Amino acid sequence: MTEGDFVFGFFLKLYTNKNYQIFRLGAKHLNNVKDIRELNKSFGVIYDDFDCKDSIREKWEKNYPGINIFSVARRRNTVAMDSKISFAKKMKDSVYTPETYFNIDETNLHCLPDDNSLFFIKKNGSTGSAHVVVTKLSKLEKTSKTISNLNEYIIQKSMPNPDLYEGKRYKIRAHVILFNKNIYFHRKPWCTISKVPYDITCDDEKILREMNVIYQANAEKFITFDIINENDKIEKNILLALEDFRKNYCNEIEKVGEKEFAILGFDFVVDAEKNVNIIEINHRSNYQHPQAVSDKTDVLCIRDLYILLFTNNTKNTDLLLVTKSEPTTSVYELD
Numbered sequence: 001m002t003e004g005d006f007v008f009g010f011f012l013k014l015y016t017n018k019n020y021q022i023f024r025l026g027a028k029h030l031n032n033v034k035d036i037r038e039l040n041k042s043f044g045v046i047y048d049d050f051d052c053k054d055s056i057r058e059k060w061e062k063n064y065p066g067i068n069i070f071s072v073a074r075r076r077n078t079v080a081m082d083s084k085i086s087f088a089k090k091m092k093d094s095v096y097t098p099e100t101y102f103n104i105d106e107t108n109l110h111c112l113p114d115d116n117s118l119f120f121i122k123k124n125g126s127t128g129s130a131h132v133v134v135t136k137l138s139k140l141e142k143t144s145k146t147i148s149n150l151n152e153y154i155i156q157k158s159m160p161n162p163d164l165y166e167g168k169r170y171k172i173r174a175h176v177i178l179f180n181k182n183i184y185f186h187r188k189p190w191c192t193i194s195k196v197p198y199d200i201t202c203d204d205e206k207i208l209r210e211m212n213v214i215y216q217a218n219a220e221k222f223i224t225f226d227i228i229n230e231n232d233k234i235e236k237n238i239l240l241a242l243e244d245f246r247k248n249y250c251n252e253i254e255k256v257g258e259k260e261f262a263i264l265g266f267d268f269v270v271d272a273e274k275n276v277n278i279i280e281i282n283h284r285s286n287y288q289h290p291q292a293v294s295d296k297t298d299v300l301c302i303r304d305l306y307i308l309l310f311t312n313n314t315k316n317t318d319l320l321l322v323t324k325s326e327p328t329t330s331v332y333e334l335d
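Heads up: the sequence shown is residues 1 to 335, going by this note's numbering.
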């Protein structure tokens with residue numbers, strides 16, 4: 001755990017036990033934001049990877065009278081967003097999530113016998129893409145028999161025609177902030193690229209996993225989202241997907257209390273037409289990645305989090321407020 005003090009015409013007290021360097025660099029960027037430098041107030045930000053201790057808040061309130069303290073939402077109010085099973089059930093009717101099944105019998109009912117699609121078998125609660133198996137429908141039943149406690153898994157159908165970067169699949173990690181009952185999308189995502197070129201004819205499950213399961217330890221490279229072709233079209237579809245998230249997770253969003261925030265890591269995959277699927281949500285993401293990417297994504301997200309908390313608006317940020325819209329219309333606010 002690390003605490004830091006920052007003085008830029010206003011005072012910031014920071015505490016975090018996760019990726020302190022990113023939170024520190026985000027704070028240092030505030031020195032370049034004139035409106036923030038002139039606030040002449042005291043703020044505290046607490047990001048605890050578990051739950052914020054009341055003793056920290058009490059100590060700050062005693063030592064810094066009048067300080068405005070913001071803390072990450074309690075785990076019990078966001079951890080359900082991290083559940084793959086809960087996510088699949090809540091978003092089952094969304095066009096912005098993969099077709100998902102909870103047992104092999106369901107796939108037999110909904111998939112044609114000659115369907116050669118890929119399927120991901122994913123364990124609830126696993127991280128870092130552990131306990132993820134990739135197989136084709138023809139081998140799905142046989143593969144599932146090698147997995148114990150299959151009731152703890154979901155079965156997701158892969159996009160039939162994934163978008164490729166240099167011949168390889170990629171995954172987008174987008175930061176989404178919950179604050180004051182609102183959802184904000186940060187416009188500086190990053191992407192991970194698989195190590196193995198995409199080949200739909202491949203039948204080797206080890207290679208299928210390497211080309212389709214794109215996690216940090218298995219990534220050939222990290223890139224910024226703005227390098228992806230037609231990223232503006234992808235962004236519009238991401239925003240539509242987040243509208244669906246708002247609709248299905250309204251109760252969880254309401255539980256993020258006053259003076260609390262959450263930074264969610266949304267994982268998206270993209271097809272060749274630039275449609276997107278949310279494949280999972282991470283409620284306690286990692287914020288530190290290769291510096292060349294992190295400086296342009298993670299650090300700027302934390303900078304913008306501070307601005308949003310301290311001013312309650314998105315001026316001078318890369319945040320978009322995801323608003324309610326008519327079914328055929330999408331409207332977003334950029335202050």
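If you're looking for bench data, these hints aren't it; they were derived computationally from the structure.
Only a predicted model underlies this, so the values are computations on that prediction, with no experimental measurement involved.
Backbone N, C-alpha and C define an ideal beta-carbon position, used for all residues, glycine too.
Where hints are given, some of them may not hold.
Restraint ranges, calculated between C-beta atoms of paired labels, are given here [stated by the list, open to error]:
hint: 1; residue 1: Gln21; residue 2: Asp203; range: 24 to 30 Å
hint: 2; residue 1: Asn116; residue 2: Lys145; range: 45 to 51 Å
hint: 3; residue 1: Gly4; residue 2: Asp203; range: 49 to 55 Å
hint: 4; residue 1: Ile104; residue 2: Asp232; range: 35 to 41 Å
Only pairs whose alpha carbons sit at most 30 Å apart, straight line, appear in this in silico DSS-like list of lysine-lysine [said to hold, decoys possible]:
hint: 5; residue 1: Lys247; residue 2: Lys123
hint: 6; residue 1: Lys247; residue 2: Lys41
hint: 7; residue 1: Lys315; residue 2: Lys89
Taking the hints in turn, this is what the structure says about them:
{"no.": "1", "hint": "Gln21 <-> Asp203: 24 to 30 Å", "verdict": "43 Å, violated"}
{"no.": "2", "hint": "Asn116 <-> Lys145: 45 to 51 Å", "verdict": "20 Å, violated"}
{"no.": "3", "hint": "Gly4 <-> Asp203: 49 to 55 Å", "verdict": "52 Å, holds"}
{"no.": "4", "hint": "Ile104 <-> Asp232: 35 to 41 Å", "verdict": "40 Å, holds"}
{"no.": "5", "hint": "Lys247 <-> Lys123", "verdict": "25 Å, holds"}
{"no.": "6", "hint": "Lys247 <-> Lys41", "verdict": "36 Å, violated"}
{"no.": "7", "hint": "Lys315 <-> Lys89", "verdict": "36 Å, violated"}
Consistency with the previously given hints fails for numbers 1, 2, 6 and 7, ordered from lowest to highest.
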